[in-house]
Amino acid sequence: GAGVSQSPSNKVTEKGKDVELRCDPISGHTALYWYRQSLGQGLEFLIYFQGNSAPDKSGLPSDRFSAERTGGSVSTLTIQRTQQEDSAVYLCASSLGWGARTEAFFGQGTRLTVV
Amino acid sequence: ILNVEQSPQSLHVQEGDSTNFTCSFPSSNFYALHWYRWETAKSPEALFVMTLNGDEKKKGRISATLNTKEGYSYLYIKGSQPEDSATYLCASPNQKVTFGTGTKLQVIP
Numbered sequence: 001g002a003g004v005s006q007s008p009s010n011k012v013t014e015k016g017k018d019v020e021l022r023c024d025p026i027s028g029h030t031a032l033y034w035y036r037q038s039l040g041q042g043l044e045f046l047i048y049f050q051g052n053s054a055p056d057k058s059g060l061p062s063d064r065f066s067a068e069r070t071g072g073s074v075s076t077l078t079i080q081r082t083q084q085e086d087s088a089v090y091l092c093a094s095s096l097g098w099g100a101r102t103e104a105f106f107g108q109g110t111r112l113t114v115v
Numbered sequence: 001i002l003n004v005e006q007s008p009q010s011l012h013v014q015e016g017d018s019t020n021f022t023c024s025f026p027s028s029n030f031y032a033l034h035w036y037r038w039e040t041a042k043s044p045e046a047l048f049v050m051t052l053n054g055d056e057k058k059k060g061r062i063s064a065t066l067n068t069k070e071g072y073s074y075l076y077i078k079g080s081q082p083e084d085s086a087t088y089l090c091a092s093p094n095q096k097v098t099f100g101t102g103t104k105l106q107v108i109p
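Here the protein sequences come in this chain order: F and L. Just so you know, the first sequence maps onto residues 1 to 115 in my numbering. Just so you know, the second sequence maps onto residues 1 to 109 in my numbering.
This is chain F alone, in the form it adopts within the complex:
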C-alpha cells in the first residue's frame, strides 16, 4: 500500500483479555518498529524487526507482550491478559533498511483502552 496501515484504529477491551494489533508496512520496507505512547508520555520503543527476525526485544514491557512478523511484511503485536496500564496508542513504523539512515514512516496508530 501507499503507507503504513494499522488495524484496528481503536480497540476497547476488558482487563484480562488478549488483543492483537496489526501492522502492514510499506511494501519493500525491511525494517519494522513498534512503539507506544501512554497518556502524557513520549514514544516508548517496544520492538523492531529486520525482515522476520527481531534482534532487539528489550523494549517489551513484560512477557505478556509478544510480536511476530511473517513474510517480511505484516506484523502482529499481541498483548495477553491485558492490564489497565497497557492502555496507550500503539504506533508501527517501517523504513527501507535497518540502521535507519532513512526516515521511518508511521502508521496512524491503534488506540487501546483497557477497561
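Note that these hints are calculated values from the structure, not bench results. Owing to the predicted nature of the structure, the values given are computational and were not obtained by experimental measurement. We treat Cβ as the ideally placed atom computed from N, Cα and C, and that holds for glycine. Heads up, a few of these hints could be off.
[As the list claims (entries may be wrong)] Which chain F residues stay away from chain L? Per the calculated CB distances, all over 10 Å, these:
(1) Arg64
(2) Phe65
(3) Gln83
(4) Glu85
(5) Ala93
[As the list claims (entries may be wrong)] Label pairs and their calculated CB-CB ranges:
(6) L:Gly79 x F:Leu39: 30 to 40 Å
(7) L:Lys42 x F:Gly16: 25 to 35 Å
(8) F:Lys17 x L:Asn20: 45 to 55 Å
(9) L:Lys78 x F:Gly16: 47 to 57 Å
(10) F:Arg101 x L:Lys58: 26 to 36 Å
(11) L:Glu56 x F:Gly72: 29 to 39 Å
(12) L:Glu45 x F:Gly40: 17 to 27 Å
(13) F:Arg111 x L:Ser10: 42 to 52 Å
(14) L:Gly54 x F:Thr70: 38 to 48 Å
(15) F:Arg22 x L:Lys42: 13 to 23 Å
(16) F:Gly16 x L:Gly54: 50 to 60 Å
(17) F:Asp18 x L:Lys78: 41 to 51 Å
(18) F:Arg22 x L:Ala41: 12 to 22 Å
(19) L:Glu70 x F:Lys15: 43 to 53 Å
[Stated by the list, open to error] Lysine-lysine pairs mimicking DSBU-like chemistry, simulated, CA-CA at most 35 Å apart:
(20) L:Lys104 x F:Lys11
(21) L:Lys104 x F:Lys15
(22) L:Lys42 x F:Lys57
(23) L:Lys104 x L:Lys57
(24) F:Lys15 x F:Lys57
(25) F:Lys11 x L:Lys42
(26) F:Lys57 x L:Lys78
(27) L:Lys57 x F:Lys57
(28) L:Lys58 x L:Lys78
(29) L:Lys57 x L:Lys69
(30) L:Lys42 x L:Lys104
(31) L:Lys104 x L:Lys78
(32) F:Lys17 x L:Lys57
(33) L:Lys104 x F:Lys57
Got chain F sorted already, so can you dock chain L onto it with the hints?
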C-alpha cells in the same frame, strides 16, 4: 549523554516569532539524527535525516543543524505560524530509532 534528550519540554511562542530547540544525543558511534513533527491526532512525519557533522538542512521555514562531535542538533523555525504547533521529536537511530520525549510547540495567533 547516554540517551536522546530534548529541550525545552514545551514552548509557547507568538505567531511570527522565530524559535529553536535542542536535541542532545550520544556522540560516540554516531549513525544518524532524525527530526520528526508530530501533530495532534496524526502520526509522526519525518522532517530531516542528518548524517554528517556540520550538516544543515532546510524545508521551508524550518531548518536544522548537526554537530556530531559534541552531540547536539538544533531545529529552527522562522516566523512561526499556528500550523507549526506540534511536538517535534528527534531520534538517534542505532538499530531501533530511539526517540527523545519531544518539544511541544504551541504557536499563539
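### Task
Would you list, in rising numerical order, the hints stated earlier that this structure does not obey?
Of the numbered hints, 5, 10, 13, 26 and 32 do not hold.
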